[in-house]
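Residues in the sequence shown are numbered consecutively from 1, following our numbering.
Since the hints were derived computationally from the structure, they do not count as laboratory data. All residues carry an ideal CB built from backbone N, CA and C; glycine is no exception. Don't take each hint at face value.
Computed Cβ-Cβ distance ranges for the label pairs, DEER-style [stated by the list, open to error]:
(1) 36 to 95: 22 to 32 angstroms
(2) 93 to 2: 22 to 32 angstroms
(3) 74 to 228: 20 to 30 angstroms
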Amino acid sequence: MTPGEVAVLLGGGLVAGAINAIAGGGSLITFPLLVGLGLPGVAANVSNALSVAPGYAASAVGSRPDLAGQGRRIRALIPVAVLGTLGGSALLLFTPRSVFDVVVPFLLLAAAGMMAFQNRLRALAGQPRQRQAAFRFRLAVLLCGLYGGYFNAAMGVLLIAGLALVLDDTLQRVSALKNVFSAVVGGTTVLIYSIFGPVNWAVVAVLAPATVVGGFFGARLARRLPSEVLRWTIVVFATVVAVVLFRT
Numbered sequence: 001m002t003p004g005e006v007a008v009l010l011g012g013g014l015v016a017g018a019i020n021a022i023a024g025g026g027s028l029i030t031f032p033l034l035v036g037l038g039l040p041g042v043a044a045n046v047s048n049a050l051s052v053a054p055g056y057a058a059s060a061v062g063s064r065p066d067l068a069g070q071g072r073r074i075r076a077l078i079p080v081a082v083l084g085t086l087g088g089s090a091l092l093l094f095t096p097r098s099v100f101d102v103v104v105p106f107l108l109l110a111a112a113g114m115m116a117f118q119n120r121l122r123a124l125a126g127q128p129r130q131r132q133a134a135f136r137f138r139l140a141v142l143l144c145g146l147y148g149g150y151f152n153a154a155m156g157v158l159l160i161a162g163l164a165l166v167l168d169d170t171l172q173r174v175s176a177l178k179n180v181f182s183a184v185v186g187g188t189t190v191l192i193y194s195i196f197g198p199v200n201w202a203v204v205a206v207l208a209p210a211t212v213v214g215g216f217f218g219a220r221l222a223r224r225l226p227s228e229v230l231r232w233t234i235v236v237f238a239t240v241v242a243v244v245l246f247r248t
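All chains should be built: construct the whole structure from the sequences, respecting the hints.
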């Protein structure tokens, strides 16, 4: 790896870590960088997943003030997220990814629409009963864990859009919960891909520290953004990413 390639990966890691903390989707910066360096698709995917995982943990730490009072949600989230991630990781390692790649842009556009029309959709759905809300919460976490274990990129966008519909809370607190979820998914994929995946450890050694720094400061920035600014930042970013994926 040349010094120029190291510099590019460091810069990409910083930006990706910050984006993951604010809106999710930073892997759509680092993943193409790894492919551009010549890594095969699956090797780039698993190496990227390991690289961004420490940044997810840093984002969760940076979001601690907005996690106050969410212990019950976090306890319900962890086992469901692990289960979904295990399923998604198995899909990545043992099945072709061509079909899922076709679906990803549509998922992102759906997430952008959910965020843009969040209040209207919530009014149409009505206020769910406690049992219904708990089921919807777990279902959203399970499906996003499945996605995160398979492809990872823009996982946070999908999760925050889904949780914003089923949780009656501020977007900053939902975003903080998303950071915990991402850390759980990241930790699970580290264990699986370290054993079974074709990891490029030199890439991980360069990218991982950069995503930690970017993730910590990105989470602090997200806490200071007004809810509407944060919501529309996520909408715009998800739409742009979906268009890019449609064109690739």
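Taking the hints in turn, this is what the structure says about them:
no.	hint	verdict
1	36 to 95: 22 to 32 angstroms	holds (25 angstroms)
2	93 to 2: 22 to 32 angstroms	holds (30 angstroms)
3	74 to 228: 20 to 30 angstroms	holds (26 angstroms)
When held up to the earlier numbered hints, the structure conflicts with none and fits them all.
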